[in-house]
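Reminder that position 87 of the sequence shown reads as 87 in my numbering, one-by-one numbering, no gaps.
Don't read these hints as lab results, they were simulated from the structure. The reader is advised that the hints may include incorrect statements.
Claimed, not checked - Below 16 Å or equal to it, Euclidean Cα-Cα: the simulated EDC-like pairs (lysine to aspartate or glutamate) are:
{"#": "1", "residue 1": "LYS187", "residue 2": "ASP217"}
{"#": "2", "residue 1": "LYS187", "residue 2": "GLU158"}
{"#": "3", "residue 1": "LYS78", "residue 2": "GLU256"}
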Amino acid sequence: MADTGGSGFPLLMLHGSSNCKEVFLPQLESPLAERYRLIALDLLGHGQSANAEYPGPAYTLTGFAESAADVVAALGVKRMAVFGWSLGGHIAIEMLARQPIIAGLMLTGTPPIAPGPLGMLRGFQAHWDMLLASKEHFTERDVARFHHLCFGDHGSTEMLGAIARADGRVRAIAVNGMMRGDGADQKRTVETAEVPIAMVNGEHEPIVRLGYIDGLDYQTLWDGRCHVIAGAAHAPFLERPEVFNALLNRFIANAESYRQPVPIVLPRSA
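Full structure from sequences and hints, please.
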């Protein structure tokens, strides 16, 4: 786990499938770490975290959300913003449905989908490389293809190693669970959220249907629009960190100061 510490408002960062916390180095090693407490963990089956002893429940969105909540509770975090990328975004939405301590949610490369296969078809693009997202056993060629899907030309040997190291059962279990509709209704959770929801994606996003993202019925969409970062694809926080970090800085500050509106109760007429 990476924890920059300090007294700044906490931000939990959740990485994507078959990746690791080091994907967030452009944030962890930026001035953001001087202003906020940035927390990035390796999900079970990834990076320096162990593979799950009981992968069936642990590698579902619910299982990941519960384990991430346990980590932040152990750190003494009482209120925080969350940034989720790809699979990490789906886990973050699951946390939002369960954890009242979340003050704001930023999603990248994550379509908040309704349960079941139809929801997935509406939110995700359909092409051959997408089949890798649920493939348990990777060949060397699969590792390279998945690396390119995630990062295009902005990857690294470290990220290749992270993909090769990841427990492939995560891909099979997590995606199959989403197909079954396990966990919260993510579309409804995001559309009815009472905290700021920031949508930040790359212009050339290869996995998510940006039209679907734009068409959701948000109640608390941050800035009143979905942000698209020019020249970036699935990982804009890595590909265009100077642009992304400026948005993230402003979002964390807004989430920290956000207060839910108090409903107005009109007196009953006599």
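Tell me the hint numbers this structure goes against, listed in increasing order. 2
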